[in-house]
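Guided by the hints, dock chain E onto chain P, whose structure is given.
Number of protein chains: 2
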Amino acid sequence: MKFTINKNELLKSLNIVTKAISSKNVIPILNGIMFNLKNNGLELTASDSELTIKTFIDKDNIVNIEKTGSVIVPSKYILDIIRKMPSDEINFELFEGYKLKIYTDMNNYNLNCFDANEFPAIKIEESKTPLNFLIKDFKKIVEQTVFAISNQELRPLLTGVNFHIINNIMEVVATDSYRLAKKTVKLEKKVNDEINIIVPGKNLIELIKTFDNLENNIEIHIFNNKIIFKFDNVLFQSNLLNGTYPNTANLIPNEFEITTNVDVSNFNASIDRASLLTQGKDKNVVIMNIKNNNMLITSYASELGKVEEKLVVEASDKADISISFSAKYMMDALKTFDDEKILILLNSDVKPIVLKSVENDDLIQLILPIKTY
Amino acid sequence: MKFTINKNELLKSLNIVTKAISSKNVIPILNGIMFNLKNNGLELTASDSELTIKTFIDKDNIVNIEKTGSVIVPSKYILDIIRKMPSDEINFELFEGYKLKIYTDMNNYNLNCFDANEFPAIKIEESKTPLNFLIKDFKKIVEQTVFAISNQELRPLLTGVNFHIINNIMEVVATDSYRLAKKTVKLEKKVNDEINIIVPGKNLIELIKTFDNLENNIEIHIFNNKIIFKFDNVLFQSNLLNGTYPNTANLIPNEFEITTNVDVSNFNASIDRASLLTQGKDKNVVIMNIKNNNMLITSYASELGKVEEKLVVEASDKADISISFSAKYMMDALKTFDDEKILILLNSDVKPIVLKSVENDDLIQLILPIKTY
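Order-wise, the sequence lines are chains P and E. Taking the numbering used here, I'd label the letters of the first sequence as residues 1 to 373. Taking the numbering used here, I'd label the letters of the second sequence as residues 1001 to 1373.
No lab work stands behind these hints: they were computed from the structure. Careful: at least some of the hints might be erroneous.
As the list claims (entries may be wrong) - As a list, the in silico BS3-like pairs of lysine-lysine whose alpha-carbon atoms are at most 25 Å apart:
#1 E/K1283 / P/K101
#2 P/K7 / E/K1306
#3 E/K1123 / E/K1012
#4 E/K1328 / P/K76
As the list claims (entries may be wrong) - Example chain E residues on the side facing chain P (calculated, C-beta under 8 Å, incomplete):
#5 L1079
#6 D1115
#7 F1119
#8 G1305
#9 V1307
We treat Cβ as the ideally placed atom computed from N, Cα and C, and that holds for glycine.
Extracted from the complex, chain P is given alone in its bound form (with noise of 0.2 Å):
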C-alpha cells in the first residue's frame, strides 16, 4: 500500500468512521480502522460488534495511488497524527509487513499496524427496495424522538428506537415508561410489507452526528437483524435489537378536559427557573397550576426556599389543575417542537400530560405526572 492524500480529505473521513470505535473494546483489532486502498479508491472501516462504518474515498480525491494494499491502523492515534501534520499532502507506506510509514518532507511516523486479514468479515448488502428521505428529515425525526429512550440496560427493548411501517404511514417511537415521544411521518411510497424494527438508540444519536450536509439524500435499508443507512460516500450499519417493541397506541389518551395554549419559550423559561431551587428526591419536580387563564408554576425545598412563576395562557374554560411533573422531562420535550406556541393537553393530575403542536398531530410528546402528595 502506498498512496499520497490531501489531509483535510482523509480527516474528514476519518472522524466519520472513528464514531464506530467503543471505548471499551479490549480487542485491538477492533480498536482500529481499516485502511483498504484499491484501484478505485480508499475505503475506511471500523466496526464494534453492533455498529459498523464504512466510508469512501474515490481515486478522484487521492493525490496518487502508487500500490494498493490493506491494514488496520491503530485508531487511537491516527486521527491525533493526521490533524496535526505540518503540511497539506500526507504519504503513507506500508513497509515491514504491517508497518505504516505516513510521512512529509520533514517528519515521519512508524505507526505499528496489524494483519488486514484479522479484521471481522462484515457483510453490507442493499435492499430493493430502501427508504428515502432528506437528511435533515430524518435528523429531525430522530431528535423529536431518541432523548426519550431508556438509559437502563435492564429494559434492553426500550434502549431502541420503534420504527413502525404499514402501508405508507411511519410511526416512530421511544419511551423509557416514564415519557414518550411519537413522530408519525407520511413516506412518499407505500411499503409492500408491514416493517416494525427496533433501533439502538445509542446508534442514532451516531448516527446523526456523521451528517454533514443535509441537504442531501439518505437511504435506508432494513433487513430482519440489520439496519443499513446510505449517504454520501458513508455507510452506516446498526444491529436491530430482537424482540417485540410494547404497544404504546393505547397509552396516548384521544380526549382531553383541558386545553391549554402556550408560548413555547416563555413556558419553558419559567419551568427551568422554578426547577433551580429542587434538591433530594424531588430533584427537578415541578408544580403547574392552571387556573383560567393564570399558569402558576412553583417549587418548594423546605432548606432553600421556593419559586412562583407566573404565565399568561389560553385554557379551556373553567381550568382548574394543579400538576406535578419533572422539569427535565418537560424541558426535553419543548425542545421538539419548532412551533412558537404549542398546546398542552391535560384530563386529571394523575393522567398523562400531552403536548401537541396547534398545527397537527404529526408529534406527540407525553410525560406522567409525578404524584407528590
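Structure of chain E alone, referenced to chain P:
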C-alpha cells in the same frame, strides 16, 4: 435590606466573588456570599480560609436603594437564579429574618439565607507603599511563571510563586523541582525593605481570571501574612505560604556550550507531533538531537512505533548533542514567549536546558533533562 439592581451589573460582581468559593467547603456559611447594602452601595464578599474576594457596586450603578442591610446568600443558587432572571431589573427584599425575596413582575424566589453576623470577620488593610502595575503586565508575569508550580501538597512551598524584591528589581520564580520559570521585572520605584514572599499559585490563577479591563491599574499591598490585590472595584486577598523559598539562583547556569536559535512555533509543533507516540513510563518523553544546523526530534514506543521530526535551526559551530526531556514541560515553557525565535541553551545531556529570548534575560525557562538510558 431592599433594593433594585440591574441584572448584568450584579452578575459581573457575582462572577468575581464566587471565585473565592471552594467546592470543598463543608461549612454552609463559607459557601455563601455576603450581601452588604450600605447607603453608598452594595458590597459582596466571599471567602474561604485562604482567599477573600470583595467587590463593590457604587450606589450610582444601583437602580434603587430602599433599605440598607446585610445577609449571607447561598452561592450555589444565586448565580443561576440571577443569570436566568427574565428581566433586566431585579428586586431584592429581606423578610422574616433571613429569607431573601428575589423578584420581578412575573416571578418570585424566596431563598433561605443566613445571618450576616455569622460571616467570618475579615480585615482588609492597605499598605502605605503598594506596588503598581498595569493589569496586563501583572497578568503576563503570573502567566509566565505560575504554570511551573508543583501540584504536590507534600512540598507545600513549591505550590506557591516566590516574589523577591530588592531595591527596584523583582524576581518572580516558580518551580516544581523538575522545571523552573523565572521572570525579572524592573519596578518604577525602589522598595525600602527587601520583600521575599510566597503566594499560593492556585490563588494567583484565580486572580488572573477575575481581570476584566487589562488597561487598568492594579495595586499590590503586601503584609507579613497576606497579600491584597486592588483593582477596579475588586479587593482580592490571599494568604501567604510560611517558610523560606529555596534559593534557585545558582540552579541556572551562566555559560553554555551550545546555543541554538529556533523558531518557536515550528519547534513547538514538532515536539507536539513527536509526543503523540509516547506511552507508559516514558509518556511524553522526546529526544532532541542537534548536529550542526540540523535538529531531529524523535520518540519511540516499542508497541506503537516511532516518530522523527526534522527542523533546520541556527546552532553553535560543532554542536553535537542528544538530550531527552518532557514534551509537556517544553511546550508549557514555549507558550510563555511572545518572541518568534528564542534561544535554546545547553551544556550536556545531563545539564539543564535553558530557554530565553534572543533580546534579553527577563524571562528564563529551565527544564531538567530526563535520563533515558
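We went through each hint and held it up to the structure:
1. E/K1283 / P/K101: Answer holds: E/K1283 to P/K101 is near 22 Å, not above 25 Å.
2. P/K7 / E/K1306: Roughly 20 Å between the alpha carbons, so the hint for P/K7 and E/K1306 holds.
3. E/K1123 / E/K1012: holds, 24 Å
4. E/K1328 / P/K76: holds, 19 Å
5. L1079: With a closest approach of 10 Å, the E/L1079 hint is violated.
6. D1115: Not OK, violated: E/D1115 not within 8 Å of chain P, min 16 Å.
7. F1119: violated, 19 Å
8. G1305: Holds - the Cβ of E/G1305 comes within 8 Å of chain P, reaching about 4 Å at its closest.
9. V1307: holds, 5 Å
Violated hints for the displayed structure, listed by number in ascending order: 5, 6 and 7.
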